[in-house]
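With chain A fixed as given, assemble chains B and C with the ligands onto it according to the hints.
Chains as they are written, first to last, in our numbering: chain A, 377 to 501; chain B, 110 to 279; chain C, 3 to 599.
One or more of the hints may lead you astray.
As the list claims (entries may be wrong) - Covered stretches of chain A (in silico footprint by chain C; criterion: 3 or more residues with CB under 8 Å from a CB of chain C, positions within the stretch not fixed):
#, region
1, 391-397
2, 415-428
3, 466-477
To be verified - Take a look, some chain C residues computed to stay more than 12 Å from chain B by CB distance:
#, residue
4, R28
5, E107
6, F172
7, I248
8, S346
9, Y505
10, G540
11, R543
12, Q563
Said to hold, decoys possible - Heads up, incomplete: computed chain B residues facing chain C, CB under 10 Å, no partners named:
#, residue
13, I162
14, L170
15, S189
16, P200
Simulated from the structure, these hints should not be mistaken for lab results.
Even glycine gets a Cβ: it sits at the ideal position worked out from N, Cα and C.
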Amino acid sequence: MDESPGLSDQYRKASPWPVFVALGLPLSEIGLVFDLFPIAVGGLLLFCGSIVGLLLESEYATTMWKPLIVMSGLLGVFGGLLIVADGTTDVTLLTRAYATFAAAIVMALGVVAGKLFVPKRGIPT
Amino acid sequence: MESKIFDKETLLDLTVNFIPLGIILTFIAVFAVVSPWGFDIRASGIMYAVMIIMFTALGVLTYLSGKAIAGDEKTKPVYSQGQAFLDDSEPIEHEEADHDVDQNDHAVDETDDDETGAGADNEETDAESDEEVTANNDEEATADNDEEVTADNDEEATVDNDDESSKSDN
Amino acid sequence: MAINAQIALTVFMGVLLIAVIAWLTRIEDWRSYSASAGGVVSQGERSEYIEQEKPAGIVRWLTTVDHKDIGILYGAYGLFAFAVGGLMVAAMRIELATPNTTFIEPAVYNSLLTSHGITMLFLFGTPIIAAFANYLVPLIIGADDMAFPRINAIAFWLLPPSAIMIWAGFFAQPLGLGFGPAQTAWTMYTPLSAGVGNDPAGGAGIDLMLLGLHLSGVAATMGAINFIATIFTQRDENVSWANLDIFSWTILTQSGLILFAFPLLGSALLMLLADRKFGTTFFLTDGGNMLWQHLFWFFGHPEVYILVLPMMGIVSYVLPRFAGRQLFGFKFVVYSTLAIGVLSFGVWAHHMFATGMDPRLRASFMAVSLAIAIPSAVKTFNWITTLWNGRLRLTTPMLFCIGFVSNFIIGGVTGVFLASIPVDLVLHDTYYVVGHFHYIVMGAIAFAGFAGIYYWFPLVTRRMYQATLGKAHFALSFIGTNITFFAMILLGYGGMPRRYATYLPQFFTLNAIATVGAMILLVGQIIFVWNLVTSWLGGKRIESGDPWNLKEDGVHTVEWQWLDRRIETALTDGGDEEPIADGGEVRTDGGTESDDD
Ligand code: HEM
Ligand SMILES: [Cu+2]
Chain A
377 MDESPGLSDQ
387 YRKASPWPVF
397 VALGLPLSEI
407 GLVFDLFPIA
417 VGGLLLFCGS
427 IVGLLLESEY
437 ATTMWKPLIV
447 MSGLLGVFGG
457 LLIVADGTTD
467 VTLLTRAYAT
477 FAAAIVMALG
487 VVAGKLFVPK
497 RGIPT
Chain B
110 MESKIFDKET
120 LLDLTVNFIP
130 LGIILTFIAV
140 FAVVSPWGFD
150 IRASGIMYAV
160 MIIMFTALGV
170 LTYLSGKAIA
180 GDEKTKPVYS
190 QGQAFLDDSE
200 PIEHEEADHD
210 VDQNDHAVDE
220 TDDDETGAGA
230 DNEETDAESD
240 EEVTANNDEE
250 ATADNDEEVT
260 ADNDEEATVD
270 NDDESSKSDN
Chain C
3 MAINAQIALT
13 VFMGVLLIAV
23 IAWLTRIEDW
33 RSYSASAGGV
43 VSQGERSEYI
53 EQEKPAGIVR
63 WLTTVDHKDI
73 GILYGAYGLF
83 AFAVGGLMVA
93 AMRIELATPN
103 TTFIEPAVYN
113 SLLTSHGITM
123 LFLFGTPIIA
133 AFANYLVPLI
143 IGADDMAFPR
153 INAIAFWLLP
163 PSAIMIWAGF
173 FAQPLGLGFG
183 PAQTAWTMYT
193 PLSAGVGNDP
203 AGGAGIDLML
213 LGLHLSGVAA
223 TMGAINFIAT
233 IFTQRDENVS
243 WANLDIFSWT
253 ILTQSGLILF
263 AFPLLGSALL
273 MLLADRKFGT
283 TFFLTDGGNM
293 LWQHLFWFFG
303 HPEVYILVLP
313 MMGIVSYVLP
323 RFAGRQLFGF
333 KFVVYSTLAI
343 GVLSFGVWAH
353 HMFATGMDPR
363 LRASFMAVSL
373 AIAIPSAVKT
383 FNWITTLWNG
393 RLRLTTPMLF
403 CIGFVSNFII
413 GGVTGVFLAS
423 IPVDLVLHDT
433 YYVVGHFHYI
443 VMGAIAFAGF
453 AGIYYWFPLV
463 TRRMYQATLG
473 KAHFALSFIG
483 TNITFFAMIL
493 LGYGGMPRRY
503 ATYLPQFFTL
513 NAIATVGAMI
523 LLVGQIIFVW
533 NLVTSWLGGK
543 RIESGDPWNL
553 KEDGVHTVEW
563 QWLDRRIETA
573 LTDGGDEEPI
583 ADGGEVRTDG
593 GTESDDD
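Chain A on its own, in the form it takes in the complex (with noise of 0.2 Å):
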């Protein structure tokens, strides 16, 4: 990479996640209503990713790695909460439980991988 800054370094007045969270939301809601994992997945990666990085571009966090956990483990409360209430609906909820998983997962993989991977000036996945 280059040494240009950033586009929100660059402009006051710019920043590319809102975008990205408000694609976010309403594709994790989609894929665990319709119970279609892989939009779960992604939707609930993209969101909680974009999240992150505006915590980060607004300064509220310093790196990625406590965001990330933090997210990781709402999500798994989250999934177990669908689990525990999947006995009392008609509709089977763990696939979407599984959805959310494996979202925690993969951020907390980010976050093992980061901090292993990326000693000084990070640039995360």
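Relative to chain A, chains B and C with the ligands alone:
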């Protein structure tokens, strides 16, 4: 102090909300007297609750907004809507100007919490507003009208109190 | 689901994510974030990069967090939705020109009916207000931007997906995806919408619509939080509560209403979705239908005020400018705005008078509904008194403001009658109700929107619209509105029920008249769009920051001062744009500002 904010003029402004309050009150009274369907704790309870909750909520909001508006009115220069930091705008004069002198010192701390002002250091807004402040925003209309802020209401009595400005302050 | 489809979806999702990442790495420098390694980029360091505020081209619009740009995006989006909703209803009115099915099938009619209502309320009404609020509130209260610019951008970008989901059924049917658009009407009453009995009203189309609505609710809530934070914390020090302008007051009140109403709608929608998809029974047990109606209308009535309050704010702000004086009884208007805000949460069951609820309960909602009419009437008197003996200038925005007042009176008075239980029991679910609320949503809300668009058109574009076309737009809109919706009020007196694709022959004449009115409206709106587009591209440049000659009457306001400075800087900088003072004969008072191009 309260009574100074809620003086005759303010109460007059608030009459607009006393009317719906009165209507609700009237209905409460009428339904108490005339009850063709009798009294049932569940149905009638909810019936009175709806009206009483609305009455109280409107009363509370009227009180709070009256305090905020009339409070600011008595401690700060009042401009017509949309003209507060216009370069050549003058505060409008209101009839009660002579009351202001003794009210100023009391009322200031009274309304302090209402006036969160432009430079409020809200934790969450910090990050974003900071970076914007540092950048040069020459085109923004952050008016430099200190003279008007310092202008004292009482001395402005010469401002022509023509029919338009007095109406706007009605 | 078939394996093939799963694979296709996986590939689709993978490609999408990779594309996103590729795009992001192209435009973002990730290293500037990794504070752990490189240290936070300090403000000083950062500012040397800033040459301009925004990137160029399409990227600017996709990434902007500037309130003015977001306002323009909201406006474009709202107008697009207005066109879609308008074309939908044009088809419906053509069908209703004759008593029998001639033009579209009843099922299509029902789908259009549903989408028309939802589009106009959630995709046109709420966003067009957000357009004005985003652009203007920070300028008028002297804030640098919204309190949370990025949340502001998210709130906008949630809307396009939401529209696609709401309209999805219309695309799915021709694509052969096995479901059609929802036919539930905008109120989505159960058990029909809960999918009982083979889900006759739309299948997955309803699910997607519920999700889309939910999304638009999330967007509205985020916007509301932003406005509340902005108005409370970012005001210029001269802007006290006593001289906060009326438009910001109405936006503040509206945001409060949104904050209480939309999350409730969101929850109700999710409950309905759970009933449909996961086998819960929130709305399927005894009393479930009443539960839905209560939840829906607890949101639904505040929603109508969410739409009308800011529009009243625009009228209260614009109308005095062309009456050459300040708004009469400014504080009356502020207090009555707040009163409407509170009371609108205590009237919802006036939409349910005919459901057979307990008469005692019903009576209390009648009481509050009658009480809420007072603050609305007070505003009307204030507008009229402002006009009284004023130096009126009948510019296009002013005409729309006056049209607003006139239509609001008819809409409001018919509403007060409906609030009275005995009258409502007769008129409920007839075209009278349709006439009532269209006098308000079209005759008032849309009119105020037009007034605002024309009034601030020079502020945004630095060009003037074409006055003759503007006046033609007003004339056609005003005549069309009154023909169409007055005919509907009469139809209601005659007892014609609403929400049917066919009707008894005895209602033919008035229906034909209503269709003619709707066509007049359609022509007017085509002129409007034409005027906007051509004037934006090639309208006459304005010369100064006071295109309306407001200074003359002492009713100049700060957003025009901002424009003045902008024009000055553009001139002294040598101007990245063509010189502004080219017109010479730009007339600013009566809308004879420009001829075509
Ligand atoms: C002046 C105060 C108002 C009163 C007392 C009032 C009263 C009513 C009543 C009682 C109904 C129910 C009629 C029925 O279904 O039998 C109704 C319906 C409706 N009103 Fe109003 N209204 C007022 C103002 C407004 C405003 C300002 C708006 C819009 C911004 C509005 C929009 C509607 C809508 C959309 C419906 C129809 C809902 C439906 O059934 O689909 N009303 N109004
Ligand atoms: Cu209502």
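These are the hints, each one checked on the structure:
Here's how the region 391-397 of chain A fares: 7 of its residues keep a CB closer than 8 Å to some CB of chain C, so the rule of at least three is met and the hint holds. Beta-carbon proximity to chain C at under 8 Å applies to 6 residues in the region 415-428 of chain A; the threshold of 3 is reached and the given coverage holds. Check result for the region 466-477 of chain A against chain C: holds, 3 residues qualifying (beta carbon to beta carbon below 8 Å, three or more required). Listed as outside the interface, R28 (chain C) is consistent with that label: its C-beta sits roughly 23 Å from the nearest C-beta of chain B, beyond the 12 Å cut-off.
The claim that E107 (chain C) is not at the interface with chain B holds, since no C-beta of that chain comes within 12 Å of its own (minimum 43 Å). Interface exclusion of F172 (chain C) from chain B stands, the closest Cβ pair being 39 Å apart, more than 12 Å. Not every CB of chain B is more than 12 Å from the CB of I248 (chain C) (nearest about 6 Å), against its label as outside the interface. Under the 12 Å C-beta cut-off, the non-interface status given to S346 (chain C) relative to chain B is violated; the minimum distance is some 10 Å.
With a minimum CB-CB distance of about 37 Å to chain B, Y505 (chain C) clears the 12 Å threshold, and the non-interface call stands. Even its closest Cβ contact with chain B, about 25 Å, leaves G540 (chain C) beyond 12 Å, as expected for a residue assigned away from the interface. Taking the minimum C-beta to C-beta distance to chain B, about 18 Å, the non-interface status of R543 (chain C) holds against the 12 Å cut. For Q563 (chain C), the shortest C-beta to C-beta distance to chain B comes to about 6 Å, within the 12 Å cut-off, and the non-interface label is violated.
Hint on I162 (chain B) holds. Least Cβ distance to chain C is approximately 7 Å, under the 10 Å limit. Here the hint on L170 (chain B) is kept, as its CB sits about 5 Å from the closest CB of chain C, short of 10 Å. Given the 10 Å rule on beta carbons, the hint for S189 (chain B) holds: about 5 Å separates it from the nearest Cβ of chain C. Given hint, P200 (chain B) at the interface with chain C, holds; its Cβ is 9 Å from that chain's nearest Cβ, closer than 10 Å.
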